[in-house]
Each structure stands twice: as structure tokens, then as C-alpha cells.
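Engineer: Okay, here's what each chain looks like letter by letter:
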Amino acid sequence: MKLDNLIKMANQIGAFFEAMPDRAQAVKDVAKHLMNTWDPRMREQLLASLGTEEEGKLKPLVRDALATLGRSESGR
Amino acid sequence: MNAYVKACGETDFGTPQKVPEGTQSAGAGGLCMSGTPLRGQATAILEIDGVSVTVPAGTSLMRAAAEAGVMVPRLCATDSLEAFGSCRLCLVEIEGRRGFPASCTTPAEAGMKVRTQSPQLAKLRRNVMELYISDHPLDCLTCSANGNCELQTMAGVVGLRDVRYGMTGVNHFTDSVTDDSNPYFSFDPGKCIVCNRCVRACEEQQGTFALTISGRGFESRVAAGQSESFMNSECVSCGACVNVCPTATLMEKTVIDKGQAEHSVITTCAYCGVGCGFRAEMQGSDVVRMVPWKDGRANEGHACVKGRFAWGYATHPDRVTKPMIRAKITDPWCEVSWEEALRHTASEFRRIQAKHGRNSIGGIVSSRCTNEEGYLVQKLVRAAFGNNNVDTCARVCHSPTGYGLKQTLGESAGTQTFKSVEKSDVIVVIGANPSDGHPVFASRLKRRVREGAQLIVIDPREIDLVNSPHIKAAHHLKLKPGTNVAVLSAMAHVIVTEGLLDEDFIAERCEDKAFADWREFVVRPTNSPEALEGASGVPAAEVRGAARLYARAGNGAIYYGLGVTEHSQGSTAVIAIANLAMATGNVGREGVGVNPLRGQNNVQGSCDMGSFPHELPGYRHVSDTLTRELFERDWGVVIQPEPGLRIPNMLDAALDGSFLGLYCQGEDPAQSDPNTTHVTAALAAMECVVVQDLFLNETAKYAHVFLPGASFLEKDGTFTNAERRISRVRRVMTPLTGMADWEVTMALSKALGYEMHYAHPSEIMDEIGRLTPTFAGVNYEKLDAAGSLQWPCNDDAPEGTPTMHVGQFVRGKGRFLITQYVPTDEKITRRFPLLLTTGRVLSQYNVGAQTRRTANADFYGADLLEIHPHDAEERGIRDGDRVGVESRVGSTTLPVSITERVQPGVVYTTFHFPESGANVVTTDNSDWATNCPEYKVTAVQVSRLVGA
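Residue numbers (numbering that gives the first Met the number 0), protein chains in the order written: chain U, 0 to 75; chain G, 0 to 947.
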């Protein structure tokens, strides 16, 4: 799938949750949304963008959420 | 023969039933013999022909008599309309009173002693009938109403034997010309007795006011519009007038052609999410006509032009009835047996999985098919395909409803019955056009507004409800497309800052912390109507006025449609709507609530049945181990714990080569999904596309296997409408293909090596009930007994749940969520300066596969682009010109209608005709939470075509 599209979709999710007052909770909520509604191959592709040039296109909230996801996915 | 399959013929009670507060009439159909409504809470005990009867005070004597089993003769009275008192046939005698009052307009009082039969009454009635018959043709044996003519019946009842005035009346029938302009019914004024039923039905039931009585006395004539033909008048062809006509004056052309039916079957309409009950009147397996079912709770005897008349597609010559396969999409189709088609499909799917992995194939559940069929397709995907790559066409319409309402209220469904609107004081309609999309509900809504309820319309376009006969919206917030969240948040700002919150409701029913966060958010000056006026285009004073009206409503109800959900912030807008309802205490009783108007007949049901890739039936997440184990035990398979691909993800994955096989039942993504070029490229990239449909639709152009589908007339099952009402669909004719859709899915599953064992869809529903707590009390026996059931239906609510969240939200405490307005990425520029938004018209339905194959095409034969006069003039466009419409993803051409319905800067079109290519220009921008496409906002340029 096109990474740009996945980044756009993830940032849209981030845009909703970044209005929440509790940032730590917002990070969890973004991660939960991705876990609950995205096919694993989409998550994996997005996760793979961390540490690459593409990471800069992600909203910080999404980046942080992905980081927590990365930890939990690797622990599966 | 059971209560739902019976010989034709109905009883008319004469006047409507007066229903005591808080109760609903029940029953399984049959002829209405009461004639007028029941009324009120207090009761009156009276005596009719020596029989004691107790009725609600205010009930007509005619109705009271009917309740006592006494049928009073009448012509102008019928129980679906208010009494009129014109025919003078229903006269009665009341002990101690002088004269002969009309029983239809005389209210029952305690202690009355009424006689419906006496020598004097008989003489009077015979005299009245003599006058009618003296001016009525006596071609009874060749008349289309023969066998179902109330005039004929009443002439028999009153014992008419002689007509002293002769039978050559010169008024109605000697100079009359039949109006055959309407494709579905004919109007023969020669047979009219001027009972006014048709005029009253158009007013009371439909609310269109298209008919009137022109002239006076002997010159009285029913007239459509300004004495125009029916086709040229405002008539919307709902058929209400035809339904109540006591003679052959207004008659279905199918009855004229075929004659009266000999039996009927109660079933449910397969068009929109209202889910009207219908009596299919049959001659053998041939449908004669579809008559709205009085005991259908969703419609209560009303219908629209689609359900009432547009069913001929079921036997259209375009129907494909044999399975077909081909190796490449460029090859011609080859007819094969069912066995070969299914064996080939299974072989192809297994080949693809062997090569590309288990997750390389998937299925699409149709919101047009039954619950049982939807359940089977998702079971096929989860059990036989072994993955969760199942989605439904609800993805592209109401998936944000599921998300938004689950997050806030705790259940992915609307909160009310349709009837609830009768108790609303203020009705908010957002992003919906019920007069066209959900016409039978619109009629209920309009009736309530005529009774005095206030109406707020939030829509970029001036829909009919804004200003129509006897209807005027108190506020029309004519917002720019894509700014729903801004307007809804601004309304919330007004409600909070002006002290209009229902503090007690919130304190008792909602989460404290979530409410406090939300409150802090909405009071910010950036959320004020003044601050958001620039974005939304709605004057702040209008927003303030609408917010105050809704908050002070008493009973405030919100109805919304795809103009809310099909946005990049579709889910946010649904959440904002729920926030408003909670903030004002408008949840949990009749007359209020949050009401999604579902587009297709079974959108609610297909979602309920677990057709989303992340949820098993009953909206339980696939990651939930206990739920998964429940299904695994029952199905004998392992279910994957991760979500599968949604439809847009499947298409993306097809283009990257990881998704190569699709079973698509009753859905046409090549026409209905956005960015057609992208969709068709994805379909073309797949190795095995299986389309199951009635017709070779646009998607079938990219298919390798075509499995012919069955229409709703050909199968048993259930549909669930927008009010969570589960209604039976009953087979009235044998499937033209030899198999109902559920049988095809079962056969495909068997070919894949996973055998399912059901002898009848009732057994599928039994399994659904066994595995789904909200459906635990649903089975066919109970549905037959109750007529329909609204889920949740289980031990806690054995009779179903008409109103949700009574006393407590399903999730416990209601949850406010912050709804920050985020402008869509689809912005206007100098190159694309207009915003295109889409919708549908009354006579056509979605991609038009059905309605285009009926005479509904006479009403609307091509998609039009509506453009404001200012924008048209700037471009040198004249009404009727064909124009080019270009967006960032594609271009098409459309004929133009210049109208002030749309605001400057906005254009609008429908998407019923594939040749118009409306979705060639829509983008794949989508809702943040659900990927529901943003059909409602596309930046475009419109240009006059050279030479046009």
C-alpha cells in the first residue's frame, strides 16, 4: 500500500486525538485505534517508516503512538 | 396458509384507531374494518346494537361499532384517514337524540345507545346510494375494481335494487377522459364518487398536497395540481391516493392489466433504510401489486414510488440467471452450471491463497441482502477463507455512525422508533434529505411539523423540507460542505455558554471528567458561532437561534444522513451530534434521540451481522478472546484475532499485489465507490473477482465469475431497518436462478471445504441468536407473532427495545468527546474553485441498478448537475447545457440545472447513472476513523463544453 496514504490516514487519526487534554491518554488512544481497526500489514508498513525519512511526515502524537505499538508488536 | 400468507381482501374499520398514550396497535394484518382512528386515554362504555363496547374517549361511533364487531356502511371513511363526513352513508340513530348523525364524525360518549340498523336508516342509505349510482358507470363486470370495489360492496350492503333517477348520469362519466400519464396508475374521473379520500391521503399521509377538488356541487372533480395531468403535477407517485380509492378511479395499471390478486404475502421492502412492510398481492408467483402494510410498524400503511411501484426489475429481461465464468476480463462470458462456477471459484481462491497467503482474498457483504445472507458471507470469510477480510458497503455510507455512537452512547445504532417523531417538539435534520431518500419517514416528519413542531435544517442545499407546502424550517443553516463539525461545535458553544445544558441529566447519566473536558473545549471563543462563521458560511445569529431552539425544545430529536457521515470528519460529526443530545438531555425517551437515516434497506443489519473486518456479530471486537472462542466452538474453526482489510484497503492492497481475490455479493464498487479510476484499476489488478448480483453491473466488467443473485421477492430472511427493527422478508416467487443468495454462499463454502448446514434461513437466525446477546430473543416464530422486533431483544427485553438508553446508556455513562473542527484536505483553489456535493432523488435509488430498470426512469432519466445562477453566468452556462466537471482525480460531463437550491460556490449531483460518472470525480479522501469516503466534498471546476 502507498505509505503516503497510510501516513495521511494516521495523521487524520492523530488530528482527532490531539485535541484531547490528556496527551498521554491521547497517545494510547491513537495506538488503540490503529490496533483495533487497521489490518496488521498496514500497521507494519507504517511502523517500518519509523527511523526513516518518512517519519518526519508523521504528527508527533502519531509517532509516539507508533512507538508504543512498536514495543507491543515486537513483544507479540 | 399463515397470518402472513393469505387470501386477498382486507377489512376497513372506517376511521382511524384511537390509541391510548404509550401503546401501539399490533396485529398481523388483515382487512381493516374500523374506519377511523382510536383516540385518547380515558375510556367510554357505550352500547351499539345492544353490544356493550369500551373505547378510548373521542373514538368515532363507526370505529366503536367496528370494535364491537359491527360494520357500518360507508364510502368516504377509511381507517387510515381522519373522518370527513361527506358520503352520508354511515348514518346511525342515537337513543335520546334527534336526527341521524354520521357515525364517522360523531365521537363515542359514555352511556350512548346506538343503533346502526333500522328501517329508516336503511331507507336513507339506499337513497344516498341511489344518487351515487345514478352518476356512476355500471360496467362492473369489466371494471378493474371488480372483486375489490367498495362502491359495489356498499350497494350490496344497503340492498340497492333500483335507481329512480336512471343510470345515465351525465356528469362524471360521459365527458371524462382517463389520465394515463403516470406510468404506474391510471385516473379515470368517470368512476369518481368525490369521496375525497385521495385528496385527504395526499394531505394527511403523504403531505404533498398535490390533489384537490376543483369545481363545486355537481361539477366537483378531483384535480392534480392546477388541473394538470398527474405526471405534470406535484404528485410524487407514492400511491396513497390509489390505495384509498374505493372505486377504479385511481387504479394500478398492473391490476388493470392482470386483474385482482388471489393471495398475498407480507414482506419487507428492499429499497431504503425505512424498511416498509408490504403486502405482495399475487396471482400464483406473479406479483400483481405491492400494497403498503397497515400493520408494518415502520410505515403504517404508507409507501413511496420505489417500494410501491418500482419492483418490476425483479423480472426485467436484463436479469442474468445463469452462472458465468471467464479466464480474463477481456474474454466473453461463458455460461456454466452452478457446480462448475462454484468449483472454479473455490479453486481460484485456493490457488491465490496458496501463492499469496491466506490474507490475499476477501469478501464484501451487501447491505441489500438479508441479515442471514450477510451473516453467512462473513462466516464464509472468517471460517472458510480463514481471515477477517470482510467488509460491507456500509463502509461507504454509515460506518462513522457505528463508530461515533458506540464511542459516546455505547451502541452502534439509532436510538428511536420512526414513530417517535410524533412526540418531537423540535426536529433537527442534518445532512439528510428525507423527502427524497427516506420518503415514508419524511411524511411522518412533515405531519409532525404541520402539527406545530419546529424544524431546523442543516444542509448546504435547500432541500424540500426547508420550504414546502405547510412546512417551513425555523432555521436553515446553509453551511459550506465539509463544515458540519464547525457548526455542531458552535451550537454546543451556545448551549453551554448560554446556560442551556440539562445539568441534572448530565450529572446523573454522563461521565464527569469527559463532560468537564468537553465543556472546557466548547466554551473556547474559537468555537463560538462568530469565530466559525467564516469557515461554515452560516451567520452566527442563525446558529445561535438554532441552538437555543433545540436546547429549549422539550423533546428535541436529531435525524441525520450521509451528509454527516461521508466526510473526512464524518465520525467526529456523529460524535458532535451525540454530544448535543446528551448535553440537552435529549436521549432515552420518545420524541428525542439520535437517529441515523440509513441509506439501504439492510445497512443496520449488515453491520449488526459482523460484516466489518474488526468486529464479529453484535459489534464485538475480533481481539476479544471470549467472543472469538464462542464462535470458534460453534463453527469449529480458528478465527484470526487481528482486524482484516476494509474495502478501500482491499483496493489499495490489490494495487500493491497483496490482495487478489474478491467475493462481492450485491455491491457495485465500480460505480458506487469514489475515485472510479482507482477502483477499476484495483479490480483489474485482481486475479479472481466474483460478482453476485441481479444484473451485470459495472463491477462485473472486471469480474472473472458472475454468480446470478436473487431479488428480495425470491428469498426468505430478515432486514433490519434504521430503527433496529428486524422484519421478515418472505419469498413470493421461486428464485429465477434456482438458488437464493444464502444457498449460493453455502454452496461456495462447501466447495471451499467448509460445509455449512442450514435447511432454511430461520436456522441461520437461530445461530445468530445463539451467538449474539442482542439477538438472543430473535427467531422466526417470534417475528411472525410480533410482526417485527427491535433489537436488543433478549431476556432483558423479550419484546425488543423501541427506545434505547432509557435510564442508562448502553455503555453505562454517556461519554462526551471533544470535536475539534479540522478542515478537509479537499480545498478549493483557483483551478478547482467549486465544491461538488452529492445526493439522490426520490425516484432513483443509489446506483440505479433496480430503479433504472423500471418506469421510475420516466421521472428522472439522467443525473443533473445543479449550479447556482451566479456560477453559471460566470461560466456562460445555460440551463440544460452539458458541462465538463473536473476534479483532482478525474473528469466527466453532465447536463446542468441552474437553481438557487445550491449556494454560490457549490454544485450538486446525483449518482444514479453509470454514464454520468459522478464517482469518476470524487476522491478517495476519507473519514479519519472508518475510511468512509468523503463523497460530499470534492473541489471541482465546471466548464461549458465547446459547442454545447
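Just to be clear, a hint being listed does not mean it is correct.
To be verified - Computed cross-link-like contacts, DSSO-like style, restricted to lysine-lysine with a CA-CA straight-line distance of at most 27 Å:
no., chain 1, residue 1, chain 2, residue 2
1, U, 31, U, 7
2, G, 812, U, 27
3, U, 27, G, 826
4, U, 58, G, 812
5, U, 31, G, 812
6, U, 58, U, 1
The hints are simulated quantities; they were obtained by calculation from the structure and are not laboratory data.
Engineer: Evaluate each hint against the coordinates.
Structural biologist: The hints, checked one at a time:
Among the hinted pairs, residue 31 of chain U with residue 7 of chain U is consistent with the structure: their alpha-carbon atoms are about 17 Å apart, no more than 27 Å. For the given pair, residue 812 of chain G sits about 21 Å from residue 27 of chain U by alpha-carbon distance, which is consistent with the 27 Å threshold. At most 27 Å may separate the alpha-carbon atoms for a hinted pair to count; residue 27 of chain U and residue 826 of chain G exceed this at roughly 31 Å. Of the pairs offered as hints, the one joining residue 58 of chain U and residue 812 of chain G is violated, with about 31 Å between alpha carbons and a cut-off of 27 Å exceeded.
For the given pair, residue 31 of chain U sits about 21 Å from residue 812 of chain G by alpha-carbon distance, which is consistent with the 27 Å threshold. For a cut-off of 27 Å, the pair hint linking residue 58 of chain U to residue 1 of chain U stands: about 18 Å separates their Cα positions.
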